[in-house]
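Engineer: These protein sequence lines map, in sequence, to chains A and B.
Counting from 1, position 67 in the first sequence corresponds to residue 67 in my numbering; the numbering is continuous, with no gaps.
Counting from 1, position 50 in the second sequence corresponds to residue 50 in my numbering; the numbering is continuous, with no gaps.
Please note that the accuracy of each hint is not assured.
For each label pair, taking beta carbons as the anchor points, the in silico distance ranges come out as [as the list claims (entries may be wrong)]:
| hint | chain 1 | residue 1 | chain 2 | residue 2 | range |
| --- | --- | --- | --- | --- | --- |
| 1 | A | Phe283 | B | Met1 | 40 to 46 Å |
| 2 | A | Ser285 | B | Leu86 | 54 to 60 Å |
| 3 | B | Val45 | A | Asn166 | 30 to 36 Å |
| 4 | A | Ser240 | B | Val45 | 32 to 38 Å |
| 5 | B | Thr3 | A | Lys22 | 29 to 35 Å |
Derived list of chain A stretches under chain B, where covered just means 3 residues or more per stretch with a C-beta under 8 Å from a C-beta of chain B [claimed, not checked]:
| hint | segment |
| --- | --- |
| 6 | 99-108 |
| 7 | 122-135 |
If you are wondering where the hints come from, they were derived from the structure by calculation, not from laboratory data.
Glycine included, C-beta positions come from ideal geometry on N, C-alpha and C.
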Amino acid sequence: MLTKEVENVVYLDYSATTPVDKRVLESFVNANTDNYANPNSLHEIGLKSHRVIEEVTQSIKDNLKVKDYDIIYTSGATEANNLAIKGCAFKYGNKRKHLLTSRYEHSSVTACFNYLADQGFEVEVLDSDEFGRVSLADLKRKLREDTLLVSIAAVNSETGITQDLNTISGIIKSQSKAYFHSDITQALTKTNIDVSNLDLASFTAHKFYGLKGIGALVKNTSLDLEPIIHGGKSFSHYRSGTMPTPLIVSLGKALDIAISNQKKNQEKISKVYDLLIRELRKFDSVLLNSNQYSIKQIVNVSFLKVPSKKLSEILSNQKIFVSTTTACASKSAYSLAVENLTHSKERAKTAIRISLSHLTTEDEIYTLIKALKEVL
Amino acid sequence: MITVKRITALWCMSCLIMKKTWDNVFKNFPEINLVDYDFDDDYKVVETLNIGDILPVLIIYKDDIEVQRIVGEKKEKQLNEIFFKLNL
Numbered sequence: 001m002l003t004k005e006v007e008n009v010v011y012l013d014y015s016a017t018t019p020v021d022k023r024v025l026e027s028f029v030n031a032n033t034d035n036y037a038n039p040n041s042l043h044e045i046g047l048k049s050h051r052v053i054e055e056v057t058q059s060i061k062d063n064l065k066v067k068d069y070d071i072i073y074t075s076g077a078t079e080a081n082n083l084a085i086k087g088c089a090f091k092y093g094n095k096r097k098h099l100l101t102s103r104y105e106h107s108s109v110t111a112c113f114n115y116l117a118d119q120g121f122e123v124e125v126l127d128s129d130e131f132g133r134v135s136l137a138d139l140k141r142k143l144r145e146d147t148l149l150v151s152i153a154a155v156n157s158e159t160g161i162t163q164d165l166n167t168i169s170g171i172i173k174s175q176s177k178a179y180f181h182s183d184i185t186q187a188l189t190k191t192n193i194d195v196s197n198l199d200l201a202s203f204t205a206h207k208f209y210g211l212k213g214i215g216a217l218v219k220n221t222s223l224d225l226e227p228i229i230h231g232g233k234s235f236s237h238y239r240s241g242t243m244p245t246p247l248i249v250s251l252g253k254a255l256d257i258a259i260s261n262q263k264k265n266q267e268k269i270s271k272v273y274d275l276l277i278r279e280l281r282k283f284d285s286v287l288l289n290s291n292q293y294s295i296k297q298i299v300n301v302s303f304l305k306v307p308s309k310k311l312s313e314i315l316s317n318q319k320i321f322v323s324t325t326t327a328c329a330s331k332s333a334y335s336l337a338v339e340n341l342t343h344s345k346e347r348a349k350t351a352i353r354i355s356l357s358h359l360t361t362e363d364e365i366y367t368l369i370k371a372l373k374e375v376l
Numbered sequence: 001m002i003t004v005k006r007i008t009a010l011w012c013m014s015c016l017i018m019k020k021t022w023d024n025v026f027k028n029f030p031e032i033n034l035v036d037y038d039f040d041d042d043y044k045v046v047e048t049l050n051i052g053d054i055l056p057v058l059i060i061y062k063d064d065i066e067v068q069r070i071v072g073e074k075k076e077k078q079l080n081e082i083f084f085k086l087n088l
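Just chain B, with the same shape it has in the complex (with noise of 0.2 Å):
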């Protein structure tokens, strides 16, 4: 089982570049189970992540264990092949 915890916020460029290059990528793996966390109303959770600096950010886990962080803009084809080694 694979959970993805996204962090965003509303005036965040990055996250707006992101959006549609998301989409893509997310429609290519229905299974990822993706839990949105919005940077400043649920500043509480967001705070216990520990995301650093820079928005947005992907948290990975497998099975309830994060394998992976993702930071940042990235290009489709990066993602696409992040997903894809976890062997979803």
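The following block holds chain A by itself, in its conformation from the complex (with noise of 0.2 Å):
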């Protein structure tokens, strides 16, 4: 039933995206021709589209866990970060103007905390310990009477390293009035990540074999936002524009069927990581950079002799599909996580992500190493 439709190749770089579940897609297809009506319109077929985005919804909810909270739809987690940071603060950013961050959060994240900090906000980013997991000291340390919000990455894309929302949850709640926002895109499905300890969350179907162009912010219903988009009257006040009933109904299905499996797919992963690290020590100059916290789908290593993105070409080349990160300013890889964790920026210059899935074969583990054989 999934779907890895292109033959030959090693994709091992399911942190950047994952090929749609057939039976996702098959919903989204269905709901095209079954669901097609505007769930704005108030005729019989558009309120038949409203109520499946209303069962859909639901699901979801309990999918996480989680009853006095929305869902609001989004393109993406981009879109469900920008709601959440930017939406908070222009809604209570009168009266609260510190926010915090931590070192290790995805693009869109930074680039709202950078946007608000030249609109007047005070942002902090809080230290990490050696491990690359925020410092406890240092955030309780910097939570104030005027912190108006925490955001916090629940796992990091380039390491896979964890955090630990449920005490950093407690600490903001015990020690502040902030609210407690998580990209827990990385996390999904992927660990059990507890959502009702947090104020906001945002995520997107594709990394769980979604598909792309729909996400969701999850929101306490205690605490509002401010539209970053504006529109007329739509099925959630906090983001205009007509609701995809199609791709909403294909969110519900991955997560279902994602989090449903997520036993089974986790101790399918364990094999192959296991194998996979087992290998990898094998060689001579190849640094771990994951370490115990690190989620076994995200495997960060150095290959000390060969740049980054020259190896990833290498590996192409024989279909075998990495990830490097893009340096800051040029096009040349430079992984800034892996510099900051390790302190090395020989192992930021060699860094190599290879993401695992249930869908990754023992096959396709030793296809690689072998491939890395021929080359270090």
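Please assemble the complex out of the two chains, which come individually in their own frames, going by the hints.
Structural biologist: Here it is as structure tokens:
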């Protein structure tokens, strides 16, 4: 039922995006004919579309185990992050202007904070420990009475390092009135994340075998936001625009499948992960950048002899697809996350992200290892 | 006359981290002429500056002659020392 349509390739870039599950695609195609009406229309088939969205919304809330939350559909995690951070800042920023974030965020989160800093907000970046985890002591130190929002990604997309959101949430709630946002894009369906500890959570469907172009912001109903997209009255006043019923249906389906198979998929991933790590450890001059706090779906590793861009190209020519991080200001490969974590420019220049899935086979790992042996 | 060209980008974490430090440092040197360039919006100018791989970049000019480049994250103390040495 699952798709990996392009044959004879070794796809190891699942954290960038996943191939769509055929059942998800089918749900999308069917919804385009069964529920094409505008859910804002008041006629019979419009109301039907509206009901379908309500049902999907309830199933998403059930899967996330949240009750008093809104699901605001967006084009993806970038828009959800923008709505969460800027929407919160614009709504409450006249009284509280202090914002906190971490060093290991997606660029869409960093961009929002840079933007808000330019608008007069005071933004501080929390220190991290040697494992790339947010320093709880620094969080306690930096939380203030006027702290409005804390935003910390659940899992770093480059290194796979997880953050202890439950403890962080406890500190924030006990010590301040700040809202807590997390970009859970890389964590959802991969970790047992407790969304009810968060006020705001962003995610996108295409990281768990859904379609590109649909994501959501999960918002505690006690919190209000200033919309960042204005328009007519729609399904949610937080996000104008006609709701794409088929995409929403596909999102609900993707989440349903991924959550119900999470344990089984994790077991499959553990096996290929163990094999990969075992084989990588046999190489000289190979250093793991991911650590004991990383999810097994993401293995960040530095092959010290070969710049990552070159290695990625060599592997790509053999139809083995892994990921590199582009440098800040050029197209050369350089991982700032790895440099921050390891304090090594060499490791940052030679870092490769191998991301695994339950679709990854042992044969694919052996193919990768064989190719690496020829290069190194 | 000291001019500092500062190249940053919205998506740059190191630029975000440095914001407060810069505010503190440049307060000490009000005579510096600070010119900001956004890596994306001002790409035509930025291209001519050959800034390399890492942001942020500060390019310091003394009487229109480039005297130093500061690349990436730096401590407040380091920046203060650099500007003091320029005999402002």
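Engineer: Give a verdict on every hint.
Structural biologist: A quick look at each hint next to the structure:
In this structure, phenylalanine 283 of chain A and methionine 1 of chain B break the distance hint of 40 to 46 Å, their C-beta atoms being roughly 54 Å apart. A beta carbon spacing of about 42 Å between serine 285 of chain A and leucine 86 of chain B contradicts the range 54 to 60 Å that was offered as a hint. Remark: the range hint 30 to 36 Å for valine 45 of chain B to asparagine 166 of chain A is contradicted by a beta-carbon distance near 47 Å. Remark: the range hint 32 to 38 Å for serine 240 of chain A to valine 45 of chain B is upheld by a beta-carbon distance near 36 Å.
In this structure, threonine 3 of chain B and lysine 22 of chain A break the distance hint of 29 to 35 Å, their C-beta atoms being roughly 60 Å apart. For the segment 99-108 of chain A, the stated coverage by chain B is satisfied: 5 residues place a CB nearer than 8 Å to a CB of that chain, which reaches the threshold of 3. Three residues within the 8 Å Cβ limit are the bar, and the segment 122-135 of chain A against chain B gives 4, so the coverage statement holds.
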